[in-house]
Amino acid sequence: MSDETLPQPSESPEAPAGPYIYDYAASPQRQVVMPKTVPLPSLRTYEAEVKAAVAADEAKWQKMLADFETAKAKAEAEGKEAPKPPVRPVPRKDDNDLKTPWPQEAKDDDLHRLQERLGGKVEEIFEQAGELTCQVSKEAILEALQLCRQDIALNYEMLADQTATHYPAATGFAFSVVYHLTSISRRKRLRLRILVPEEFSPESACAVYPSANWMEREIYDMLGIRFANHPDMTRILCPEDWEGHPLRKDYPVVGWGQRDIAFREDRGGMLERIALQKAGQLGINLKQPKAE
Amino acid sequence: MGVSLNQPSTLEQILITTKVEKVMNWSRATSVWPVTFGLACCAIEMMAAGASRFDFDRFGAGIFRATPRQADLMIIAGTVTYKMAPVIKTLYDQMPEPKWVIAMGSCATAGGPFDSYHTIQGVDKIIPVDVFIPGCPPRPESLIYGFMKLQDKIMTSSLADRYKDIFEEVG
Amino acid sequence: MFKNEEMEINLGPQHPSTHGVLRVKLRLDGETITHCRPMIGYLHRGVEKICENQTFFQGQVWTDRMDYCSAVANNLGWAEANEKLFGITVPRRAQYIRTMLNEFNRLASHLIWLATHALDIGAMTVFLYAFREREDILDMNEAFCGSRLTTTAFRIGGLREDLPPGFEKLVKKFLAKFPSCIEEYENLLNENRIWKKRTIGVAKLSAEDAIALGITGPVLRAAGVPYDIRKAFPYAAYAEMNFDVPTRTEADTYARYLVRMDEMRQSARIIQQCMDGMPEGPVMAKLPKILKAEVNEVYHATEAPKGEIGYYLVGEKGSGNPYRFHVRAPGFINLQALPKMAEGGLIADIVAAIGTLDIVLGEIDR
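Protein sequences, first through last, are from chains U, P and B. Residue numbers are given in numbering that gives the first Met the number 0: position 72 of the first sequence equals residue 71, and the series is strictly consecutive. Residue numbers are given in numbering that gives the first Met the number 0: position 166 of the second sequence equals residue 165, and the series is strictly consecutive. Residue numbers are given in numbering that gives the first Met the number 0: position 119 of the third sequence equals residue 118, and the series is strictly consecutive.
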């Protein structure tokens, strides 16, 4: 498959061997751009980022002041006119600027109740865009789900959605698995989140919420996270013999090239029958008796 | 169909001579029965073409057969995926001769917008196609136009051409 | 079967009553289904993967092709999820137009469901009647956005265009006619002996099972749970609309039919209110040319004709593409209930069970 003349795809892992009719190795669609950052929303990271930004801004201002002082001293020494004092730059504001919702301190009672009941197993709670997020440790997910389902004050009856995200650039974990719970009676939503390293099998949610069955199969199919104690951990969308997990970030959009599908030129299967007859496998005589 | 009898007028009115092939083609072209087989979005437009406003039945193609063994035409209406491809091929092989295929919509024609790991870039990679209809999805009028093109094709087809390979082989 | 043994049969992926390319593996004891296993993925097109490699504005066209019977409802969910991700406020007139088109879409989707479901069970006439009214709705789609099925009706931040001139007249004409059309369908089906025999008591699903399996939409409401996202978590202009959530307690196929018929009446009511209270003003919010995300995640759910459609989006700082795009498709979750509904029933009733779930394989496989 590897041709010397073709430009090699950057950062895309080696394709598994197999019969492919098109070689996509040179296709731009085959290129994989691996993410450099870990876009995992979190109050702690956000606060650290804001703190760092403020510190950087202050350092820049201090440097400007120091520059001004040296320039002033230099000008005085040379007897020139003193430079203007610097003005602290204000961040430019535009009407078109987006008001992206930031992670905020958790105020909702549900999150505090979860933290109170689960104690140290809760890693982080925050609110963002009006949505409640609670990150628990990966071993305690079943306990957290059971609490959400059975606790009368929480009473989240339905698991609306469950999905996962691949973070190849992260250290310490490779996937985040999110559970979107809905409380029909209390009209509330809650997001539970766990961070899972590669080769770790989180506990299946099927025991608490039977609706997790297919969603976990889909996660396994698309991202390759195996769930422990799942009744039927098989692929659901791709065929059983599919290679790789498409929603991982190192999987190209077009996949590993198209597989070979035998093209049948013979419309009625007659040529095949003739070939079979020639080989002596078919007892039908196609030859009509010729007119004398 | 040329009338070439030099006979009294009464007979002229009841007799015509034509080629057997032409009669066969005419009868085939005006009663093409499609197989009930929808894949994706285009299937809804195919249904709409068969329903009240567009009435596909006017062209003799309104009887959607539930089994490929009774059908002449296969309208590939939608995206063909790797998982579905062997099924389509089996269905096509199950249809009796003569049979025709319409690739409806850009997905069946060339993969459409879905250039991804699980889609086949056009159904002509697995079965031969007679008429391609562009559109995403094509309007029912487009399907009817494509179908009429297929009728033209059937009218001009000849048995000798169709089975040339076989005739040569058989001698 | 002379011997007392079970038979395994395969329904689909090409079968006239599986609504697309659904495959169901059945094990039968005589005519009774003892085991049922739906198999999906025959229309898996990799929408999520494609979307993650395209910009936020480009993402809309993929939502059309997921649930192609109700493209507008998918567009609405996508647009609102993005607006939540970026913190965009949509003008009020755009909200009203979105609500109105969404309800038209609900009518179109329910009409397709009625047509195909009745056709599966053997009532061919309804098919022709329902498609007649559906064409009128598609004409309105066409007048608004130039396309019948794959609409791409909305934009992130509002609408691309205001309503076309003369649209009001089309709506008025439709609303004057539509109530009598619903009566027509009901005359054909409500007291039809065959229809009642094929639907009453068939494919039951209790409220507890439905909630445990995550079922939403008319199937859940026919089990007596009045959960409608338009009421529970109002979006677009639904908070200002006055409408009822029809429910039934029988939880069988007939109850689901009645719920959907009542929903169509309520949709017509909402459309009327939108037309009456349509505010003036712009239809598009001020937006930058390129949307660049911050680190943020949203899950936004709306009430599609089939149930709760949820969009889960993760944004990456400075990136114009969604880092993760996931759709909670109502059909995907609802189809999980098929074994529960079909097992223990007759083989003929699985057709009714598939029809009553109102599945579209495009959104199930994505």
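Don't read these hints as lab results, they were simulated from the structure. Glycine included, C-beta positions come from ideal geometry on N, C-alpha and C. Watch out, some of these pointers could steer you wrong.
Stated by the list, open to error - PhoX-like cross-link-like pairs, simulated, lysine-lysine; straight-line CA separation at most 20 Å:
1) U:Lys50 / B:Lys288
2) P:Lys88 / P:Lys124
3) U:Lys98 / B:Lys288
Stated by the list, open to error - What the simulated footprint calls covered on chain U by chain B, stretch by stretch (three residues with Cβ under 8 Å from a Cβ of chain B suffice, anywhere in the stretch; the number is not a length):
4) 71 to 81
5) 116 to 126
6) 150 to 158
7) 202 to 216
8) 228 to 237
To see whether the hints hold, each was checked on the structure:
no.	hint	result
1	U:Lys50 / B:Lys288	violated, 30 Å
2	P:Lys88 / P:Lys124	holds, 10 Å
3	U:Lys98 / B:Lys288	holds, 15 Å
4	71 to 81	violated (count 0)
5	116 to 126	violated (count 0)
6	150 to 158	holds (count 3)
7	202 to 216	holds (count 6)
8	228 to 237	holds (count 4)
The earlier numbered hints that this structure contradicts are 1, 4, 5.
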